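Number of protein chains: 4
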Amino acid sequence: MTFLPSKKRLAHIVYESDDSASKNFDLILLALILLSVLVVILDSVQDIHQNYGTFLYWLEWFFTIVFSVEYLLRIWLSNDKPGYIFGFYGIVDLLAILPAFLSLILVQSQYLMVVRALRFLRILRILKLPEYLREASLLISALKSSRAKIQIFVGSVLTIVLVMGSVMYIIEGPENGYTSIPRAMYWAIVTLTTVGYGDISPNTDLGQFMASIIMLLGYAIIAVPTGIVTSELTHAKNKSEKSDRHQFKICHGCSLQKHSPDAIYCRKCGTKLESPE
Amino acid sequence: MTFLPSKKRLAHIVYESDDSASKNFDLILLALILLSVLVVILDSVQDIHQNYGTFLYWLEWFFTIVFSVEYLLRIWLSNDKPGYIFGFYGIVDLLAILPAFLSLILVQSQYLMVVRALRFLRILRILKLPEYLREASLLISALKSSRAKIQIFVGSVLTIVLVMGSVMYIIEGPENGYTSIPRAMYWAIVTLTTVGYGDISPNTDLGQFMASIIMLLGYAIIAVPTGIVTSELTHAKNKSEKSDRHQFKICHGCSLQKHSPDAIYCRKCGTKLESPE
Amino acid sequence: MTFLPSKKRLAHIVYESDDSASKNFDLILLALILLSVLVVILDSVQDIHQNYGTFLYWLEWFFTIVFSVEYLLRIWLSNDKPGYIFGFYGIVDLLAILPAFLSLILVQSQYLMVVRALRFLRILRILKLPEYLREASLLISALKSSRAKIQIFVGSVLTIVLVMGSVMYIIEGPENGYTSIPRAMYWAIVTLTTVGYGDISPNTDLGQFMASIIMLLGYAIIAVPTGIVTSELTHAKNKSEKSDRHQFKICHGCSLQKHSPDAIYCRKCGTKLESPE
Amino acid sequence: MTFLPSKKRLAHIVYESDDSASKNFDLILLALILLSVLVVILDSVQDIHQNYGTFLYWLEWFFTIVFSVEYLLRIWLSNDKPGYIFGFYGIVDLLAILPAFLSLILVQSQYLMVVRALRFLRILRILKLPEYLREASLLISALKSSRAKIQIFVGSVLTIVLVMGSVMYIIEGPENGYTSIPRAMYWAIVTLTTVGYGDISPNTDLGQFMASIIMLLGYAIIAVPTGIVTSELTHAKNKSEKSDRHQFKICHGCSLQKHSPDAIYCRKCGTKLESPE
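Protein chains in written order, with the working numbering: chain A, 24 to 300; chain B, 24 to 300; chain C, 24 to 300; chain D, 24 to 300.
Pulled out of the complex, with its shape left as it was, chain A reads as follows:
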């Protein structure tokens, strides 16, 4: 049929996002994903489930079928089939449709609802747009290059939580809600992160004194991850900017790339530099 696009054109629409057809495909898909997530959320509210449960059930199946068609389409169109199926996006796409089919086989389907929420991960598709990719990779590389510092920080936090949890378990004891070291550690995390539910809180004088110390610690050490991320981001920004500024002047004599913006001659071989524009 002449109405249908060729397989190559279809693959372009599905996998790229640089012309109007492929961009519309992405936008419609995104809207469907958001709607399907909304269905899962609304279905969990008692009132809505009782009144519109059947309607939401069929809507759920509608989205499942649409996403299944899309999933099969992506496998069919992909040049690197195993790369897609076992890659991050392939698994996310599968997780979005699997729970509905499993609910037909399994009886206790209520636990599949959690996995339905993983459908939200599909929104990460938006990150495939070039402008986001660059920013996200900047963030991730910033975090990666300070991995050792972050591990030390996490280790310190866990040590504080364990030691302070144990100490509070001894000081306050089960009669004040600190029924075990794990629970006391839960309290220590609630306190160190400055969440402070108040479901468990110290009642003895010594306990309140120890709690004050852990609070001040938590208040202070939040500066460490912030400092790490900020210094990495500032560094990455300066670096990317410097390379932006200097990359356009290339010596044709010796291929040296990074020239001072006002250089006229190559500082290495003396060849006259040409402007890139």
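In short, the hints are calculated from the structure, not lab data.
Nothing here was measured: the structure is a model prediction, and the numbers come from that model.
What you were told as hints is all true, and nothing was included just to trick you.
What follows is a set of in silico ranges between Cβ atoms, one per label pair, in the way DEER data are often shown:
hint, chain 1, residue 1, chain 2, residue 2, range
1, D, SER164, A, PRO197, 38 to 48 Å
2, C, THR182, B, PHE109, 18 to 28 Å
3, A, VAL92, C, PHE232, 26 to 36 Å
4, A, THR227, C, VAL89, 29 to 39 Å
5, C, LEU129, D, ILE128, 53 to 63 Å
6, D, ASN199, B, LEU50, 35 to 45 Å
7, D, SER164, C, LEU125, 44 to 54 Å
8, C, LEU129, A, THR227, 34 to 44 Å
9, C, LEU55, D, LEU117, 34 to 44 Å
Backbone N, C-alpha and C fix where the C-beta goes; we use that ideal spot for every residue, glycine too.
Once you have looked at the hints, place chains B, C and D on chain A.
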């Protein structure tokens, strides 16, 4: 009459703030705005409403009439009437007087009180002063240039909230206060942002373990927006300083702009530099 | 008498801290200040007050007399008497001794106890040591130079608090604890700053949705003051370091100070530079 | 016997981590440490203690004996015996085995459990790996070089806590839970650090107003430690990077050290530079 200032002079007083008359106009207006906001706040306190309700009611009308006169004056004096009326400040000025007039027509006027609070936005007029404008625009441009990073951050936060909310809804269930996914998501936001009211808090062991993870996540990822804003501000500061330092010396021989502040001859072509003042 | 130091020597001991006698004076004074603060704190605990009340009362008078003698000594020794008396430290020193004397005259002396706590401000004397003075002035100048940005930030926070407080007062109403706009604003501050006591918390669905927005706002905008302070501190640090690095090479021909660290000849007049060491 | 490694080889396995045998030793030790910590934690949970108490008791002794052997081995193999025994790691290693032995002698052995938790500090051994050592020393030197600023910050926080605690004790009084100044100071710390348990919260209008101020203060001054740490880290990063980049090229003619990475001739005396590798 000779007592009244000319329309041009009046427009200057109302719209500019560079001489004593126009500065006084701004200050008196600001005081009136603050007083009118105070009236709205005081009127909401039961004791004060019962004792001084009538007085506050007439005060409210006094401010409404003053602001209406000012609004009409601004329209009359503006060179670009639609620009003012449909601009940010025009709409804010209108919103400050509209509720009072609408309360005459509508019966359920209590809901108009919210809109009365929007009157506080008029204080933003202070930002029209040149020294604030520059700083605010620096902040806004810093936020704008890291828009993509912020969107990724907000997306991640919402994904964490949805997934963790759903998981906690399954783990804790309605018997522990997690009555629906939206409510569990509300809890996840309360926890991730380290607010921690304690109106809903996990009771099961697994729930407390999951809550600990979301708390530590919230404690850590606050570093990301901070890092973004800081690196942008540091960058903007460096940039504005560099341009401050170098902008004034331009070589008339080769048009090279960025000269060291104490340079006497152009470093590129040897022409003697002239001072801009 | 020959045992007593001269007035000049005494003034040195009291006002300076560069030899052992003056340093010991500062340390003993600091210990006395800390002990006097401890007395005030301990006296507030019921058990301790009942058992040791009389002892603490006389201890209180001991400190008051010591500090009074020190206060009079400082006035007598000062070269600029009004400068000391009406300066920051003079007022703090007076506030530390005044409440005790006033309690003899006034009947309701319990309210004077608050002012007794102001005695703790005397610890700021430690900041007079040169190493602290430099750091503190760096912090203060960093905050000062970003005053306009901080004012905008505080203005935004107050606007959010007022608008969100009013909105929540309408949505939740007095039946959920939001009894007036001021109380709703108190809740908004508790939430925006991520403190989250839970003494007032939203119960309606719409209220919880609005609360989620204000929480996320609070979580995000904390990045702004952090960014401002950090960028100012980084800037101040770079500046002070640069001036440290360059200050030692001075051209004897034209008195130009800031030379590149490896410069051999003055870039302005060609005189050969000499090393400062 | 030929099966046993020499003392020198054993010392290498125990103290270094640069070949497979010594790395495996470290990993097995780390696993044992983690397991022994887990035993302490699990033993504190009522259900587990009642069912598996005896098993955990013998497991505890197993770890104690293993760690005792390791401790004695380390002393025997060390070249600097007092340096190990009284150093940080020696004391931590001793604290990990001491409580079990003391429980044989002492009756009230339950208080020794806290000290058992100190065993977790042994995990810090992981920091002896070269890659962590470098990062940790960077963090510590960053904190050290801003010690004066941090002391000023801590001093300010304690002053705010004392003054605000005293003020709230007077305003709210014992009838609202502020039973003494120490307790009011505990509340002030809970509030300033934005933890906000809600076990004590202000009830009077004036108290809520003061609480709002302390919350906003806490929300704002968290920017100060963050700013300090960030500016130090950024500074340390720039410095270490600069020295990385420049350290390897030294001119043999004039001993100038900092050359641009691609420089071929010394920019000061024209001597040809030699590569360090």
